[in-house]
Amino acid sequence: MIDAIVTLVAATALAGIGALVPAFMEDHDMPATRHLAEAAPFLTASALLVVSLAVTAFMVRPGRERRRRAGLVTATVRLGVLATGAVAFVVYGTVAYGL
1 MIDAIVTLVA ATALAGIGAL VPAFMEDHDM PATRHLAEAA PFLTASALLV VSLAVTAFMV
61 RPGRERRRRA GLVTATVRLG VLATGAVAFV VYGTVAYGL
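Going by the working numbering, the residue at position 61 of the sequence shown is 61; the numbering climbs one at a time, nothing skipped.
Just so you know, not all the hints are guaranteed correct.
What the hints assert, rightly or not - Label-pair restraints from in silico Cβ distances:
#1 L8 <-> R67: 31 to 37 Å
#2 A47 <-> D27: 20 to 26 Å
#3 V87 <-> T44: 19 to 25 Å
#4 A47 <-> T76: 35 to 41 Å
#5 E38 <-> R67: 34 to 40 Å
Calculated directly from the structure, the hints in this document are not laboratory data.
Keep in mind the model is a prediction, meaning the values are calculated, not measured.
Positions of the beta carbon are idealized from the N, C-alpha and C atoms, including for glycine.
Could you build all of it, start to finish, from the sequences and the hints given here?
If you want it as structure tokens, here you go:
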């Protein structure tokens with residue numbers, strides 16, 4: 001359950017960052033094509049997180065034990081990647097912009 005919550009929060013944050021790229025870059029007159037090009041990595045990562053969560057939920061269903069174990073390993077790896085990304089983001093912000 002915690003995996004699903006963390007994944008959905010991260011996906012929502014990534015989608016929000018993608019939508020707010022012009023505000024972060026202080027370019028409020030950014031053309032739509034440039035905005036989509038700048039936001040594409042964030043929106044793609046958000047979609048991939050949600051798809052990977054759906055695949056994991058499908059794999060963890062009751063049934064074959066091997067498939068269930070693979071789904072749990074996938075969920076653990078995804079949670080580790082999300083935690084590592086969050087820590088890296090905080091460290092980068094602290095180093096780049098100070099406390």
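How the hints compare with the structure:
About 23 Å separates the C-beta atoms of L8 and R67, a value inconsistent with the hinted range of 31 to 37 Å. Checked against the hint of 20 to 26 Å, the C-beta distance between A47 and D27 comes to roughly 24 Å, which is consistent with it. Between V87 and T44, the C-beta spacing of about 22 Å keeps the proposed range 19 to 25 Å intact. Under the hint 35 to 41 Å, the C-beta atoms of A47 and T76, about 21 Å apart, miss the expected range.
Checked against the given bound of 34 to 40 Å, the beta carbons of E38 and R67, roughly 39 Å apart, stay inside it.
Violation of the numbered hints given earlier is confined to hints 1 and 4; the remaining hints are satisfied by the structure.
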